[in-house]
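Protein chains: 2
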Amino acid sequence: MGDESGRRRPRRRGGEAKSERSPRPVNYTQLRHPFTAQSAFSQDAVAAMHDTAIRILQELGIKTLLPEARELFRAAGALVDEERQMVRIGRDIVDDALRTAPPSFRIRAGNPKREQIYEDGSLMFLPGAGCPNVTDSVRGRRPGSLRDFKETISLHQAFDVIHMLGPSAEPQDVPVNLRHYAMLQTQLSLSDKPTFAYARGKQQAEECFEMIRLAHGLDDAAFADDVWIFTIINTNSPRQLDIPMSQGLIDFARAGQLSIVTPFCLAGAMAPITVAGALTLQHSEALAAIALTQLAKPGAPVSYGSFSSNVDMKSGSPAFGTPEHVKATLGAGQLARHIGLPWRAASGSASNISDAQGATENTTGAWGCMLANATSIVHAAGWLEGGLAFGYEKFINDIEAIQTLAELCTAPPGDDDSIGFDAIAGVDPGGHFFASPHTMERYETAFYEPVVADLSNFGAWTESGGLTSTDRAAKIWQTVLGEFKAPAGCAERAGRLDEFIAKGTEAGGAPIES
Amino acid sequence: MGDESGRRRPRRRGGEAKSERSPRPVNYTQLRHPFTAQSAFSQDAVAAMHDTAIRILQELGIKTLLPEARELFRAAGALVDEERQMVRIGRDIVDDALRTAPPSFRIRAGNPKREQIYEDGSLMFLPGAGCPNVTDSVRGRRPGSLRDFKETISLHQAFDVIHMLGPSAEPQDVPVNLRHYAMLQTQLSLSDKPTFAYARGKQQAEECFEMIRLAHGLDDAAFADDVWIFTIINTNSPRQLDIPMSQGLIDFARAGQLSIVTPFCLAGAMAPITVAGALTLQHSEALAAIALTQLAKPGAPVSYGSFSSNVDMKSGSPAFGTPEHVKATLGAGQLARHIGLPWRAASGSASNISDAQGATENTTGAWGCMLANATSIVHAAGWLEGGLAFGYEKFINDIEAIQTLAELCTAPPGDDDSIGFDAIAGVDPGGHFFASPHTMERYETAFYEPVVADLSNFGAWTESGGLTSTDRAAKIWQTVLGEFKAPAGCAERAGRLDEFIAKGTEAGGAPIES
Chain A
1 MGDESGRRRP
11 RRRGGEAKSE
21 RSPRPVNYTQ
31 LRHPFTAQSA
41 FSQDAVAAMH
51 DTAIRILQEL
61 GIKTLLPEAR
71 ELFRAAGALV
81 DEERQMVRIG
91 RDIVDDALRT
101 APPSFRIRAG
111 NPKREQIYED
121 GSLMFLPGAG
131 CPNVTDSVRG
141 RRPGSLRDFK
151 ETISLHQAFD
161 VIHMLGPSAE
171 PQDVPVNLRH
181 YAMLQTQLSL
191 SDKPTFAYAR
201 GKQQAEECFE
211 MIRLAHGLDD
221 AAFADDVWIF
231 TIINTNSPRQ
241 LDIPMSQGLI
251 DFARAGQLSI
261 VTPFCLAGAM
271 APITVAGALT
281 LQHSEALAAI
291 ALTQLAKPGA
301 PVSYGSFSSN
311 VDMKSGSPAF
321 GTPEHVKATL
331 GAGQLARHIG
341 LPWRAASGSA
351 SNISDAQGAT
361 ENTTGAWGCM
371 LANATSIVHA
381 AGWLEGGLAF
391 GYEKFINDIE
401 AIQTLAELCT
411 APPGDDDSIG
421 FDAIAGVDPG
431 GHFFASPHTM
441 ERYETAFYEP
451 VVADLSNFGA
461 WTESGGLTST
471 DRAAKIWQTV
481 LGEFKAPAGC
491 AERAGRLDEF
501 IAKGTEAGGA
511 PIES
Chain B
515 MGDESGRRRP
525 RRRGGEAKSE
535 RSPRPVNYTQ
545 LRHPFTAQSA
555 FSQDAVAAMH
565 DTAIRILQEL
575 GIKTLLPEAR
585 ELFRAAGALV
595 DEERQMVRIG
605 RDIVDDALRT
615 APPSFRIRAG
625 NPKREQIYED
635 GSLMFLPGAG
645 CPNVTDSVRG
655 RRPGSLRDFK
665 ETISLHQAFD
675 VIHMLGPSAE
685 PQDVPVNLRH
695 YAMLQTQLSL
705 SDKPTFAYAR
715 GKQQAEECFE
725 MIRLAHGLDD
735 AAFADDVWIF
745 TIINTNSPRQ
755 LDIPMSQGLI
765 DFARAGQLSI
775 VTPFCLAGAM
785 APITVAGALT
795 LQHSEALAAI
805 ALTQLAKPGA
815 PVSYGSFSSN
825 VDMKSGSPAF
835 GTPEHVKATL
845 GAGQLARHIG
855 LPWRAASGSA
865 SNISDAQGAT
875 ENTTGAWGCM
885 LANATSIVHA
895 AGWLEGGLAF
905 GYEKFINDIE
915 AIQTLAELCT
925 APPGDDDSIG
935 FDAIAGVDPG
945 GHFFASPHTM
955 ERYETAFYEP
965 VVADLSNFGA
975 WTESGGLTST
985 DRAAKIWQTV
995 LGEFKAPAGC
1005 AERAGRLDEF
1015 IAKGTEAGGA
1025 PIES
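Note that the protein sequences, when read in sequence, are chains A and B. Mapping of the first sequence onto my numbering: position 274 corresponds to residue 274, and the numbering continues sequentially without gaps. Mapping of the second sequence onto my numbering: position 315 corresponds to residue 829, and the numbering continues sequentially without gaps.
Heads up, a few of these hints could be off.
[Stated by the list, open to error] No farther apart than 25 angstroms at their CA atoms in a straight line, the calculated lysine-lysine pairs in the DSS-like style are these: (1) A/K314 <-> B/K989; (2) A/K503 <-> A/K202; (3) A/K202 <-> A/K63; (4) A/K475 <-> B/K828; (5) B/K627 <-> B/K664.
Hints are computed from structural coordinates only; laboratory data are not their basis. These numbers come from a predicted model, not from an experiment.
Just chain A, with the same shape it has in the complex:
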């Protein structure tokens, strides 16, 4: 689909044959945006936001806690105040970085069919991430554990519309110095999708890189040649890059791996209260982080990112799916295209439970990301409480919303047979098409089949228990987990880490840096 002036078609990539079971031209695995990117600001305002962001970097600077990062900036000509740890970055440094940062790169996966080309026009959904807690209606709300992490990774694997993994539930029962082992091995043992690692210090990052090389049997060159693992880098808004984040930007860049730069600029809290102001601060911080990756290794893959929204004025909590969130997302897309980089946005929910509020918030936010043509949409399924909990029932309900969006990436056929004059001629006025040959040829595959939506009438629905979609989702995730089997190759890939992890654990693991 596209705008009236020129329709953009989903691009198919090699190896992505249609499913044999379904002749429907559906491809959730690699998606291209169907809609023309929409805007919230004039082009003049976008240029002014970009120029102001540069001015912030030049005149105000970014506090950069990591000495190595300050040194990289200084070597490139930035003005560094060591005492105040402030780095003032010139426009030339930013311009150079935007020249070398690649507009398109490949993200590898255990299963080649799950590879992604990360570029403007691509569309990827990522699950709710960074949650310290998990919640489901069977076992209640609880701090995340390794079991929960394994379950949520299994849920992510089970739905093709989730394109990359994420740190859904923090496994708090695993010591932090060993947690990177558990999180990466879990991902590799249960999923063949692109993997994630936290940037929590140099040793953890390098051990993750080594585990990836071991799991996939890669030499250094093959590893460096593509993105095999990614991290999310949140700046400390306003205008601060902390030690593990700076270290992560440097280490992932040097390893040729992906940093998704994501300032979390809440308008009215850590950022100006205006959408334009929050975006401008976000943009300056993102440009600084992107520059750092390119100073560490020119050409390193990096994603621009936006997570600007507003605070709720009653509670002070972050809000999602609000008008301001959508406007910020649209503006962020304009800024990303202004600098020519692929970018991430986010949907998500502030609701405390899988209810109508949570569904409205996440569906609204996801549509905003679609209209903004975000390359990747994080927190697209399962994110409750503004990220403080991953919800199992929420995940299932959100899958319905984003599968619907994924379906829109395939245009409906408009050929003569689909228009169907003969079919229409074959049914008398007031008749029906149930038994029409035109229907019979297509009925098994014509329509999207819901995951959790129940369309039975009120009587049938009442007789079957009068369940809400959250009640039904509880059964669905249990069934999915009960039937879950790790895909081919997972056991082998994960098994290749056993010895490394055993040795690392014996050596005390790797410290986290803060």
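Based on the hints, put chain B in the right spot on chain A.
For chain B alone, coordinates are given in the frame of chain A:
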């Protein structure tokens, strides 16, 4: 907002001053679409659907049960088979109708501030309509009554984002021959928004027109000059116009009042299973109905309309907010623009309760209508069970979703002060903007204030009862109804009908035709 190439600004109309209490540039009362219309089909496919629809009219014809309608078609040159009641309509008749049907017209209301210009680019939300039942969590599900109709009309009046009234809940406790009195007087007594009447026969329609003239103190010319009342015309798909619908098209047209033509083409049931086929059938039926209005009175206001979606293959029920529904809506918008008429679309929900499913369905459908640039979006709030019940809690939750869309019609400011370099310079790295003058000047009005969303954290939310948004909505509608006061002028307008209704009732009311 708009696309990158040229931003379309909300157009302000006279008298729509900003609210004095809020300096925020919000105008829910008259909205203009912020996004560029998106498409589902190529222009060639749209032209082929239009041509096929004409071919259906020419070669297959429309069964037209009302003799007066057949006579109008025949007089215009259509080929009429009286025995089979089939009317074959030539392209010239359609082309003539599309030349005279106005692309823009004014819809009047009790309050001039609630007037609408019905044209491409305008955006109006209409409530869930046509429901035989109502449901709320206090009193349960029940057949609609006059009390329910009064309550739902009050709810429609209470939210500016609802632009026109509708037959939310059928007052089944009022005899059908008197029901038009009760429904119109209720609307006039409780609301100053544009009013609706069912097309259930000539006498009922004419009595409704007379009541409108009495209520607003209009002579015949003043009444005929603008749209004061509208009706929805559903064809009997496939290819049939029944007696009350044809009569309504003729009577409303001759009175200069609005028919919103809405074939209900469920792909796989009353229409071909393909989106293109369902739309083509819809288009042919709509063109026939539009032609009838223009034969009755050239220049009569008429709205193209779409309500094509798919059936659920498990239950046979109509589905809403599905990929097929959104694709059909996008295609319908292309067809409407192809013929140059304003048009209605619909969101709605098949869920049996206000839950995550219902919220996802309606939010998805409403975004689809936004992207398709529908002039009016029917069933945008409160529609459950595919229209078999109007839900009070659903209405409140849907209001949140569509108010968010309404907010998007106002672009965020992008001036230098909003970009806020000085504000950013005034906050140290790692600090916050809570006390920034930039924030203090704006915090009361910067953000959309939710109706039902609760953004408190899990602890506070749990302490306050752990309510879902549906639970909270139950309190909200009770508060809204408890505080409801009919707007100025309503009592006078409605009171002017008393004598007419008393006399009409004494005379036995007006029969419905079928």
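These are the hints, each one checked on the structure:
A C-alpha spacing of about 18 angstroms is found between A/K314 and B/K989, which places the hinted pair at or below 25 angstroms, so the restraint holds. For the suggested pair A/K503 and A/K202, the alpha carbons sit about 18 angstroms apart, so the restraint of at most 25 angstroms is met. Restraint check for A/K202 and A/K63: the C-alpha separation of about 20 angstroms stays at or below 25 angstroms, so the hint holds. Between the alpha carbons of A/K475 and B/K828 the distance comes to roughly 18 angstroms, so the proposed pair stays at or under 25 angstroms and holds.
A hinted pair counts as satisfied when its Cα atoms are at most 25 angstroms apart, and B/K627 with B/K664 qualifies at roughly 22 angstroms.
When each numbered hint is compared with the structure, no violation occurs for any of them.
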